[in-house]
Amino acid sequence: MGRTAGGSTAAAQSGPDWSRPARYGDISLSSGFRSDPRRVSVVSGGRNRASDTASGCRGWVATAPDVQLTYQAGSVLPLILSVDSTSDTTLLVNDPNGRWHCDDDGGNDGLNPALTFSEPLSGVYDIWIGSYRQGENAQATLSISELYSE
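Heads up: the sequence shown begins at 6 in the numbering used here, then just goes up one per residue.
Calculated directly from the structure, the hints in this document are not laboratory data.
Positions of the beta carbon are idealized from the N, C-alpha and C atoms, including for glycine.
Among the hints, erroneous ones may be present.
[Unchecked claim] Pair ranges (Cβ atoms, derived): (1) G61 to E124: 17 to 23 Å; (2) R39 to G115: 28 to 34 Å; (3) D57 to G111: 19 to 25 Å.
Using the sequences plus the hints, can you model the full thing?
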């Protein structure tokens with residue numbers, strides 16, 4: 006199953022659009038990748054309410070994804086996405102099947118988000134780092150790991 010089923014509706018509407026080029030680049034990783042975690046510096050936030058995309062999501066995100074991760078899954082390791090920032094950030098992810106996932110404060114440091122895909126799929130993960138408050142933009146670091154959340 007591809008992204009057309011779950012993602013085409015979101016792409017046709019205003020709000021987060023996985024079909025746009027990633028603002029901070031594309032990353033390709035295979036299970037067991039070296040230099041774990043892989044880190045990407047971003048600025049959080051945007052004009053789109055994350056809750057309009059997926060129920061239960063919080064914060065404000067950009068229209069284009071911040072990072073597009075193409076991941077080749079293995080059979081053992083999870084895929085862990087986490088954010089580190091001095092500001093209150095959120096995380097919104099569209100997975101290879103077009104499903105939306107989000108987190109607000111599930112990371113290791115109170116106001117930072119993290120998502121763990123215990124049995125990750127191979128394919129494209131579009132990742133948005135949001136700001137909890139509308140109009141707030143903050144420096145943040147996205148960490149991509151198979152070992153731990155930052």
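Verification of the supplied hints:
With their beta carbons about 21 Å apart, G61 and E124 fall inside the hinted range of 17 to 23 Å. Our hint of 28 to 34 Å for R39 and G115 holds, since their Cβ atoms are close to 30 Å apart. In this structure, D57 and G111 meet the distance hint of 19 to 25 Å, their C-beta atoms being roughly 21 Å apart.
Hint compliance for this structure: no hint is broken.
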